[in-house]
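> With the hints as constraints, model all of the structure from the sequences given.
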Amino acid sequence: MTQTPLAPAPAPAAHRLRAVLRTVAIVACLPYIVLKAAWICGSHVGIPSGSTLLDHRTTMAVANGASVLMDSAVVVIALLLTRPWGRRVPAWLLVLPMWVATGLLLPIMTGYPLQLLVQALGGTAANKGEASRPFLDEWVFGVVYTGFIIQGLALGTLFALYARDRWGHLWQGTLRELPDSPTAPALRAAAVAASLTALVPGTLHLLWAAGSTTGLCEGWIEDRTSGTQVLDAVYVLFVVAAVAGALLLAFRRDSALPLRLPLALAWGGSGTTACWGGWMSIASLGNVDDLADRPTAAMVLVYAVQMLVGTLVMTLGAYFLVERAARTRPRPGHRT
1 MTQTPLAPAP APAAHRLRAV LRTVAIVACL PYIVLKAAWI CGSHVGIPSG
51 STLLDHRTTM AVANGASVLM DSAVVVIALL LTRPWGRRVP AWLLVLPMWV
101 ATGLLLPIMT GYPLQLLVQA LGGTAANKGE ASRPFLDEWV FGVVYTGFII
151 QGLALGTLFA LYARDRWGHL WQGTLRELPD SPTAPALRAA AVAASLTALV
201 PGTLHLLWAA GSTTGLCEGW IEDRTSGTQV LDAVYVLFVV AAVAGALLLA
251 FRRDSALPLR LPLALAWGGS GTTACWGGWM SIASLGNVDD LADRPTAAMV
301 LVYAVQMLVG TLVMTLGAYF LVERAARTRP RPGHRT
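Residues in the sequence shown are numbered consecutively from 1, following this note's numbering.
Source of the hints: derived by calculation from the structure; they are not laboratory data.
Take the hints with a grain of salt, since some may be wrong.
[Unchecked claim] Beta-carbon label-pair distances, calculated as ranges:
| id | residue 1 | residue 2 | range |
| --- | --- | --- | --- |
| 1 | I40 | P258 | 43 to 49 angstroms |
| 2 | L17 | T183 | 34 to 40 angstroms |
| 3 | P258 | E218 | 46 to 52 angstroms |
| 4 | D55 | A189 | 45 to 51 angstroms |
| 5 | A184 | V143 | 47 to 53 angstroms |
| 6 | L207 | T311 | 19 to 25 angstroms |
| 7 | W85 | F251 | 37 to 43 angstroms |
| 8 | G42 | R253 | 55 to 61 angstroms |
| 9 | A189 | V118 | 38 to 44 angstroms |
Backbone N, C-alpha and C fix where the C-beta goes; we use that ideal spot for every residue, glycine too.
Printed below as a string of structure tokens:
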């Protein structure tokens, strides 16, 4: 994708740090993979009697198999980020899965601790009426989400170190130091389009975070807690981050802000917005048998627009970096 300098091999201390982080990331995957594998094999560990997960065994097996593959990809990425052969992988083959992983893990890393805090402070619980059905034992969420948080911290640190070695020259400097660009009008148009489009998911998630049930299906209204409101607030923050990063990159005001800041905002914000929009779209397909759980038109719209906004911002950031890389002349000994 870009001309990439051959990064020097890490020093022994740095190599040891990366090896430790790799081990931590891989070990953190095991509880989730083992639990999902047990469910695929027919075990009901962690699934209470009467759970909605037991209604569609074939669908559950397929979903669990896909989940195992996704978490196994973390193992591959951890190896890629720390082994010599990982430096020869094309940029897109690493960046795209890492963008997805970042987008899926960030809301858990930020939202789950906040949910626990709100719960400890006396947050509201779900409606426990007679029609309410169990989903998973509480300990499952603690084990799985703790593993995800550890994965995110370890994998994120490994990627930051890898990206610094391979592409660090692309985010040096400040916004005011960026040169004029022939693609600036297109980038600005994309940033404005993303900003205006983001009003749809941003507004609805903000309403839901404030306690409104506008546009939600009956099943979601019954199951809403202070924890789900926290997640909606987290989604709003990431939508804002995506838009802020895109606008800063596209309009390039005379600012002393380091370039890495809008790039980080665009990366995390677009990944979370797009990937959770996609994930919720897929997850909502599993509730079509229960009228109360069928997503409303507003919910479908929010998920679809989230994917659009995240993809727009991600594309803007990719074009920005490709153009910036093209301006950087490789030194002798560099490769494509």
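> Could you say whether the range 19 to 25 angstroms given as a hint is met by the Cβ separation of L207 and T311?
At roughly 24 angstroms between Cβ atoms, T311 and L207 fall inside 19 to 25 angstroms, so the hint holds.
> Taking 45 to 51 angstroms as the hint, is the beta-carbon distance of D55 and A189 inside that range?
Roughly 47 angstroms apart at Cβ, these two residues keep to the hinted range, so it holds.
> When you take the CB atoms of A189 and V118, is the distance between them in 38 to 44 angstroms?
holds (40 angstroms)
> Given a hint of 47 to 53 angstroms, does the C-beta separation of A184 and V143 actually sit inside it?
holds (48 angstroms)
> Holds or violated: the 43 to 49 angstroms window for the beta-carbon distance between I40 and P258?
holds (46 angstroms)
> For L17 and T183, compare the CB-CB distance with the range 34 to 40 angstroms and indicate the outcome.
holds (38 angstroms)
> Taking the CB of P258 and the CB of E218, does the distance hold inside 46 to 52 angstroms?
Taking Cβ atoms as reference, P258 and E218 lie about 47 angstroms apart, which means the hint holds.
> Is the gap between the beta carbons of G42 and R253 within 55 to 61 angstroms?
With a Cβ separation near 59 angstroms, G42 and R253 satisfy 55 to 61 angstroms, so the hint holds.
> Mind checking the hinted window 37 to 43 angstroms against the Cβ distance between W85 and F251?
holds (40 angstroms)
Comparing the model with each earlier hint shows no violations; every hint is respected.
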